[in-house]
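The residues making up each chain are set out below.
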Amino acid sequence: MATNFFGGFKVSFKQISEPRVTTEYPKEKKPKPPRAHGRHVLNRYEDGMEKCIGCELCAGVCPADCIYVRGLDNPMDDPVSPGERYGYVYEINFLRCIHCDLCVEACPTEAITESKMFEFSFTSRADAIYTKRELLVDDDGKPKAQPWEDWREGDDRNTSAWMRATSPQGSKDYEGVVAWSSELGHGIRHPEGGQGDNRDDEATGNISLRETRKDHIFKNDGGRVR
Amino acid sequence: MTEKLTNEETVTFTLNGEEKTAVKGELIIEACEKNGEFIPRFCYHPRMKPVGMCRMCLVEVSSPRGPSLQPSCYVEIQNGMEVNTQSDPVKKAQDGVLEYLLLNHPLDCPVCDKGGECPLQDQTLSYGPGESRFIEEKRHFLKPLKISSLVELDRERCIQCGRCIRFAKEISGEAEIDFAGRGEDTEVAIFPGKEFDSYFSLNTVQICPVGALTAVPYRFKSRPWDLEQIESTCQFCAVQCKLSVQSSQNEILRTLGIDSDAVNQSWLCDRGRFGFEAIYSSNRVNSPKIKKDGEFIDVSWPEAVEEVARALSVAKIANGPDSIGFIGGARLNNEGAYAFSKLAKGVIGTDNVDAQLSDGIDPNLIFGLRRATINDLDQAEIVVTLCGDLREELPVLFLRLRTLVANEALLLAEFSIGETPLSQYAAFRRSLVPGKVQNLLEELKDSFLSSFGRDDFEQKDGGIVFVVGNPGIGIDGLEIEHSIRALAKSFPNAKFLPALRRGNIFGALDMGLSPGLLPGRVTLKSHGSFFGDKWVCVPEKVGKNTKEMLQSVIDGTMDTLILLGSDPISDFPDKNLVLKAFEKAKNIICVESIMNESTKYAQVILPASMDHERAGTVTNLEGRVTHAGDKVTASGASFDDWVIASLISAELGDDLGFNSREDIGSEICSFAPAYRSTEKYFISGNDFGDGVVVPIAQVPVSIRARKSDPIEVPGLSSIERQGSPIRSGNSLPSSVAKVGSESQISFDNSMFDLNSTVSYKLLEEKRESSFYLVLEKSLYDNGTLLRESKSFENSARESYFKLNPVLLAELGVNEGDMITVSKESVKVKGRVVADSLVSVAVVVASWNQNSADSRELISLDNVNIVEVER
Ligand code: SF4
Ligand code: SF4
Ligand code: SF4
Ligand code: SF4
Ligand code: FES
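These protein sequence lines map, in sequence, to chains A and B. Numbering of the first sequence is given in the numbering used here, commencing with residue 1 and proceeding in unit increments. Numbering of the second sequence is given in the numbering used here, commencing with residue 1 and proceeding in unit increments.
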């Protein structure tokens, strides 16, 4: 009887000594998995020029049809971006975006990237359309544009341009080799470690999925769960 | 050009081991394409002569020395030829050619206007090597280089295919661009100190297989995958080229010429290509307006229509229906023109309706002539032009005629006021002088045609084609009409192509917007009773033309004018007459899209939708009825013209009976004799192809396959391929050959008697020291639609006078000096242009250009005589 009674608490007792899975969100936030896709950011080069050239490849590839871009002739006396053309209008409708990251893949200049910021708050449909004002990083390369956005220390490092560690032709030899330009506020970002041997998680600040999910993984497999 | 229905000689050849047939004389590239094998190419363009420059089209062809690589765009197919397009040597050649082309090609695709519809991108993907071995620095040029106000050149992207240069030389005849430099320094260049100044310059942008040539008005406006398109018809001049209207976000961004064998063969003029910009003019009339205390105030449609109906009924009751007149109508489509024709003639009962502004030809004459089609020019032995400068008035017709004469496919006899771009090719030419037209045409017969065996062209149906229009304002229309009648009598087998220039003027005339006519090319006399049964009423007697209407307003017998998309103050030859009439008129009602000089005098302005905002049919100078679609929604509260006519009519108490434009279409087809059996062209849909010439041809017609090959016109088919958002009306007709015959119907035009000639005489001869004044029109002037288009707002030139150089010497002036031309007390200044082909008895003045207005000097009397001073 008693064994049966206490037997019913077997799982509960076992769990008491396990690490806690839940956190006090939003006071405390867990690191997000490396490839989490959140709100977009439009980046700048280190000299402050916008990376976006208004080519609309992101808009063309977007499966949700949520990007609207218009290009314009770059004013030669005060160019906005290097080259002849710059992105004059840039809008993303976050009611539609499915955060597939295809736009990031398509962008020839790594102008559009996704951060891990997933907390959106809109009070109207119009608010859900982020324009260049909200998307473009500020003069220090910081992405925070809305007062209520909860960017924390180090969050803005986690925009995902540098996640594209696979080489265009898929050759392993090119993994981990930087093939892109530096960014305002961050300089050259190191690539995320791929399947190559030359990964440097320290330098990239890369937290592997295994690391963030430790509380769910058995000790035998390197986690914290007994 | 036009394929004959009769048996063509065929040859058999092997294509990749399979036996195929082709038409004798075809190039290998064409023969293979017709048999389903696409050969990549850059320089080959079906409307231009092959040059074999890019070597992209290499295929293996059997020869006595074994198979060898040959450019398929340059070699004709032969009986028994063995063609291999898939072999290893061919693949290697394609790889090589593409890798070589890309050596110096910049990686511009993301910022290049062609990116997404680029033959170089596409063919590199399909036939290219995949990787480049070139790691050296590429060549660099300043980019972009502005070579005219409409075209920019990026020399880094050029692949030296020569299409643009060949177009300028072969098709438009203005060799203003050419290759300069050698080897890797080869570049397309303009001549030092000159611009690429051509009415056709943007065709080079359309056919450039890379993004080297870009159109300034479209530059960076959108990418191909944003665009939606419909097939439509340009309505700027009466040629009515077929084009694809492409828009994004409900805004038209560009148009591209469609290869319609019968009409424009893929070319457009620059004005037609970007003239749609007027839609976005800041002076658009966006809501109905009524004038109160000298100011226009915006009102609702019911208010405005009530006001119009009130004015019309007051005028009708007080002075009878004849006190009301309608001026204009060439900017309406057929449906709009029919509705207004029915409103004027069938409801109000006035015959004072004229779509022409007294500068054209009497439609009774046009309808009596044996009408030629544009393709008849291909078959003609001799073409005679008795009209204005075709490049200025009907640009794409000029291209067709110029290519034919330049290739010596026919002989040209030209009758013009001065030098035209066709003069250099003319086998016979005379400069026109008012009062002498008839005599000059006699010379054609006596000294030119007599040198041929007459049977050569006279016996053959359409062996001689006359292009007839008004050669210039100042030569009396009656004199021209008189001469045309004489020609029609002496050449019974000849065909005539009437060269009126305004947009849908032929549609308007066909719909009865002319005194004495009813819809379908019939007279009031012959068909009045038929229409009398169907309509509420028909006018009893033949009404007045525009000039007579204006005069009647001045002398008080008319008091109400309705302007149908016309601006007589800037468009009617005698400006003073218009001003006087407008001051005097009690009511002026404008059905208009853009505010202009004449709307200032209006009591009510009703906003009408413009081309590409409304769907309907239009009719060109051959009588070809085609579809013109609506790509964007109409601006503001604008309505289609037929809706406006219906509203007014309903307010007057008589419903026109139209609920949709299809209703009008079926009424036109059942009422208008010349339009019988054309129903399917009036019903919405897209597969109209080139339309049909009315009255429907009595012989089978053959029309070449409509092609939408991405390399021929990049941007037509790529948009379809990329799958722009699905929307009804988004497709171009498939490239199936439309060869067929239409049933024969009888349409009798004997009611238009060509014999009723009265002899014509000048009322006054010029004196020794004076001159006849003639005004010539140009493509670019200060007309409303041009002035309101961003790309053309500054296209008008400074006013000029053209004189024979002999006179310049006598007057002691040089080209470029200012002279004063005067008539009585009116003096107009302008710059002198020397033109050795202008008769010494004539001074030619410009029309509606900047600074001085030569129209001050002209009145529509029989003759205009002026003096010239330094
Ligand atoms: S993440 Fe995907 S859905 Fe969102 S904007 Fe980019 S392409 Fe569109
Ligand atoms: S974000 Fe990138 S892909 Fe999108 S328009 Fe700008 S440059 Fe092109
Ligand atoms: S011309 Fe074609 S291949 Fe060249 S940059 Fe433009 S899109 Fe790319
Ligand atoms: S500019 Fe274009 S059309 Fe002209 S030669 Fe170069 S690639 Fe050919
Ligand atoms: S050589 Fe044949 S297409 Fe250029």
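Simulated from the structure, these hints should not be mistaken for laboratory data. Model, not experiment: these values are computed from the prediction. All C-beta atoms, glycine included, are put in the ideal place defined by N, C-alpha and C. Be careful, since some hints might not be right.
Claimed, not checked - Chain B is nowhere near these chain A residues, computed Cβ spacing over 10 Å in every case:
{"no.": "1", "residue": "13"}
{"no.": "2", "residue": "94"}
{"no.": "3", "residue": "101"}
{"no.": "4", "residue": "212"}
As the list claims (entries may be wrong) - Stretch by stretch, here's where chain B covers chain A in the computed footprint (C-beta under 8 Å, at least three residues):
{"no.": "5", "region": "44 to 55"}
{"no.": "6", "region": "67 to 81"}
Unchecked claim - Incomplete in silico selection of chain A near chain B, CB under 10 Å:
{"no.": "7", "residue": "60"}
{"no.": "8", "residue": "64"}
{"no.": "9", "residue": "84"}
{"no.": "10", "residue": "85"}
{"no.": "11", "residue": "88"}
{"no.": "12", "residue": "107"}
{"no.": "13", "residue": "108"}
{"no.": "14", "residue": "109"}
How the hints compare with the structure:
With a cut of 10 Å on Cβ distances, residue 13 of chain A stays outside the contact zone with chain B, its closest approach being about 60 Å. For residue 94 of chain A, the condition that its CB be more than 10 Å from all CB atoms of chain B holds, with the nearest at approximately 20 Å. Residue 101 of chain A, annotated as away from the interface, keeps every beta carbon of chain B farther than 10 Å; the closest lies near 18 Å. In this structure residue 212 of chain A is separated from chain B by more than 10 Å, as the shortest Cβ-Cβ distance comes to about 35 Å.
For the region 44 to 55 of chain A, the stated coverage by chain B is satisfied: 3 residues place a CB nearer than 8 Å to a CB of that chain, which reaches the threshold of 3. Residues of the region 67 to 81 of chain A lying with their CB closer than 8 Å to a CB of chain B number 4, which satisfies the three-residue condition for coverage. For residue 60 of chain A, the interface hint holds, the least distance from its beta-carbon to any beta-carbon of chain B being 5 Å, beneath 10 Å. Of the supplied interface hints, the one on residue 64 of chain A is violated, with its beta-carbon coming no nearer than about 13 Å to a beta-carbon of chain B, more than 10 Å.
Among the interface hints, the one on residue 84 of chain A holds; its C-beta lies about 6 Å from the nearest C-beta in chain B, closer than the 10 Å criterion. Interface restraint check for residue 85 of chain A: the shortest CB-CB distance to chain B comes to about 4 Å, inside 10 Å, so the restraint holds. Given hint, residue 88 of chain A at the interface with chain B, holds; its Cβ is 9 Å from that chain's nearest Cβ, closer than 10 Å. The restraint placing residue 107 of chain A at the interface with chain B holds, with a minimum CB-CB distance near 9 Å, inside the 10 Å limit.
Annotation: interface hint on residue 108 of chain A holds; nearest CB of chain B at approximately 5 Å, less than 10 Å. A distance limit of 10 Å between C-beta atoms decides the matter here; for residue 109 of chain A the minimum to chain B is near 8 Å, and the interface restraint holds.
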